[in-house]
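One line per chain: the protein sequences are Y and E, in this order. Just so you know, we're using the numbering used here here: the first sequence kicks off at 19 and counts up by one. Just so you know, we're using the numbering used here here: the second sequence kicks off at 258 and counts up by one.
Don't read these hints as lab results, they were simulated from the structure. Remember, predicted model here, so these are calculated numbers, not experimental data. Please note that a few of the clues may not be correct.
[Said to hold, decoys possible] Listed next, the in silico BS3-like pairs over lysine-lysine satisfying Cα-Cα at most 27 Å (straight line):
hint, chain 1, residue 1, chain 2, residue 2
1, E, K429, E, K364
2, Y, K123, E, K477
3, E, K417, E, K477
4, E, K429, E, K417
5, E, K417, E, K364
6, Y, K123, E, K429
7, E, K477, Y, K157
8, Y, K123, Y, K284
[Said to hold, decoys possible] Simulated restraints, written as ranges between beta carbons of each label pair:
hint, chain 1, residue 1, chain 2, residue 2, range
9, E, H511, Y, P229, 17 to 27 Å
10, E, E441, Y, R159, 35 to 45 Å
11, Y, G65, E, D483, 43 to 53 Å
12, Y, R183, E, E441, 51 to 61 Å
13, Y, A149, E, A447, 23 to 33 Å
14, E, S432, Y, R322, 47 to 57 Å
15, E, P421, Y, A300, 14 to 24 Å
16, Y, P220, E, D380, 49 to 59 Å
[To be verified] A short, non-exhaustive set of chain E residues, derived as facing chain Y with CB atoms under 7 Å:
hint, residue
17, L505
18, G507
19, I521
Idealized CB from N, CA, C, for every residue including glycine.
Each chain, written out:
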Amino acid sequence: MEIYLPIAEQSMNVFILLGLGAAAGLLAGMFGVGGGFLATPLLIFVGIPPAVAVASQANQVIANSVSSLQVQWRRGNVDLRMGLVLLLGGMIGSSAGVSLFTYLKRIGQIDFVIAVLYVVMLSSIGLLMLAESLRTYLKRRRNPEGPRGKLHTHYLVHRLPLKLRFYKSKLYISALLPLGLGFLIGILSAILGVGGGFVLVPAMIYLLGMPTSVVIGTSNFQILFVAANVTFLQAVTNGTVDVVLALLLILGGVVGAPIGSRIAAKLPGVALRGLMSILVLAVAAELLTELLRTPSSIYSLGTREVLP
Amino acid sequence: MNCRRLALWVLLAALPAAFASPAFAQRVEPPPANLPPMGGPPDASVPPSVPTEPTTPELIVDLSLARVSITSAFQGESILMFGMFDPPGEIVVVVQGPAARETVMRKQRVLGLWLNTGRQSFDDVPAYYAIAASQPLQRLLARGAGGEILSLEDRLSTIKPATPRLSEELAKFRSGLVEVKRREGLYPAAIGQVTVQAGRLFRVDLPFPSRLPEGIYEVKAYLLRDGVIVAAVSRPLPVGKVGFSAQLAGWSVHDGPLYGLGAILMALIAGWLGGAIVRRL
């Protein structure tokens, strides 16, 4: 069954899009991060223009994070103060990101930049995850108990000015750090259409030193508002948000997410992360081949402009 | 009106024969030509079937659909143009989409990666261009050159580059433009086949792909005798989104902030409800 996407201006099979949403939801359920960083490249593979894929994916991220935030908020797992500082950075970053996106689109380089950023990001994340899960696997074989790491370490981050107390996270650190982190995630969100949870969550744990219990809720808080900002700005400046596409992805995700969490409950964590890293690397490799392969045609058309 | 109805009936009778013609079969896009129109009831705002300009009695034409409606199920459309002419003569049909500025981009390998390095804009580029004829076009036009009937190459030779460039380079970009448009089905490579029945009835299928720019298209039929145009009838063919997809696209273009807020609200509600339902299960 084909459906016409009014903004992408092409028809596409409904089940492909629902399936993509379900796959992203499955990943979200399995690994606890939004599936956006895999869904966007997959949308590009099936022929959605990258600019539309990114903007519509940002729209989908809103739905993803609100349904997760629902639970986390009720459990009191949101550090509001930290969330607001991250959000401030995120708002600035995502607004700058959309401007950058608009500029790149105008000079005809947006597709290239999206592909390159995805290759860099996915391959580094994939390799890190693969290394980490291999290390854990080997360590566990040698020492089933596993040594406990240091509870607290002091880095440069504790020497920066503008220190703030974050009671819920039991932290006393410089506000510049979450601000900067939020800014980077905002840019990522605007250009790649991802929530950025897969970067934000590890950064919050390892860089900021936040307790794991509040990380998911707080990151979802930030992601929700940043994704809303990106959606709004993309709709206003570029008109690339396809709500029909986003809705199909959301519907697919609603089905996929619970299946994913059920699978995750059955598989051991190491295997899960190993699996995920291979998947991420495969997508990165495919994107890289697209960039390296001689294209079937070296010509393409930019936006048609009807002159007054 | 009577004449047109008669033409339609005769034409319907002739349909099976026309379907059997291999040339015809080649021209048709996936769905068969006589599918019912997808776009709901005919629009009253569309010009009536009889052209407003004084009709040359030698040539009468009509279209099977008054407009191309891009609905949420749109997958391209095949429109039938049919009509009657006073023999002898040959028929040429030219379909032209609205003109606009198009930017052609060219990729080049840089450090092993393919990226856009060159760009060239052209003004007055037709969104769509197709020609159909009842005889090979060269033969029809060779004798007296049809005057205003332009092949795609001739039509594109008139497009103006927005910025100056070496003519050699311009020619490359121009052929790049044709290449992309061909791939999208907007500049059909082959000359379409106008089928003539009983020496005076003609029909031709005009294929439109799914990625079709909006605007008012012009379908023009010419009657040629000895390479000279003796009659011409032009019909506007509006192409536009209708229904839900039209509304959405309209909002997106004319009221971006409202569209953006709507998109956010949609995602919030869908995510909230989806989450609540899934947790119930």
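Structure-based check of all given hints:
Of the pairs offered as hints, the one joining K429/E and K364/E holds, with about 13 Å between alpha carbons and a cut-off of 27 Å not exceeded. A distance of roughly 37 Å separates the Cα atoms of K123/Y and K477/E; the hinted pair therefore is violated under the 27 Å criterion. Restraint check for K417/E and K477/E: satisfied, since their Cα atoms lie roughly 23 Å apart, inside the 27 Å limit. Only pairs whose Cα atoms come within 27 Å are accepted, and K429/E paired with K417/E is accepted, the gap being roughly 14 Å.
Taking the CA atoms of K417/E and K364/E, the gap is about 22 Å. The hint holds against a cut of 27 Å. Between K123/Y and K429/E the alpha-carbon distance is near 23 Å, which keeps this suggested pair within the 27 Å criterion. Simply put, K477/E and K157/Y have alpha-carbon atoms about 77 Å apart, too far for the 27 Å limit, and the pair is violated. At roughly 44 Å between alpha-carbon atoms, K123/Y and K284/Y are farther apart than 27 Å, so this suggested pair is violated.
Taken as a hint, the range 17 to 27 Å is violated for the pair H511/E and P229/Y, whose Cβ atoms sit roughly 48 Å apart. Against the hinted window of 35 to 45 Å, the Cβ-Cβ separation of E441/E and R159/Y comes to about 56 Å, which falls outside the hint. Separation of G65/Y from D483/E is about 48 Å and conforms to the stated range, judged on CB atoms against 43 to 53 Å. As the Cβ distance of R183/Y to E441/E is approximately 59 Å, the hint placing it in 51 to 61 Å holds.
Our hint of 23 to 33 Å for A149/Y and A447/E is violated, since their Cβ atoms are close to 56 Å apart. For the pair S432/E and R322/Y, the beta carbons lie near 19 Å from each other, so the given range of 47 to 57 Å is not met. Taking the beta carbon of each, P421/E and A300/Y are about 47 Å apart, not inside 14 to 24 Å as hinted. One distance hint, 49 to 59 Å for the beta-carbon pair P220/Y and D380/E, holds here, with the actual separation near 51 Å.
With its C-beta approaching chain Y no nearer than about 4 Å, L505/E sits inside the 7 Å limit, and its interface hint holds. Hint on G507/E is violated. Least Cβ distance to chain Y is approximately 9 Å, over the 7 Å limit. A distance limit of 7 Å between C-beta atoms decides the matter here; for I521/E the minimum to chain Y is near 5 Å, and the interface restraint holds.
Hint compliance for this structure: hints 2, 7, 8, 9, 10, 13, 14, 15, 18 are not met, and every other hint is.
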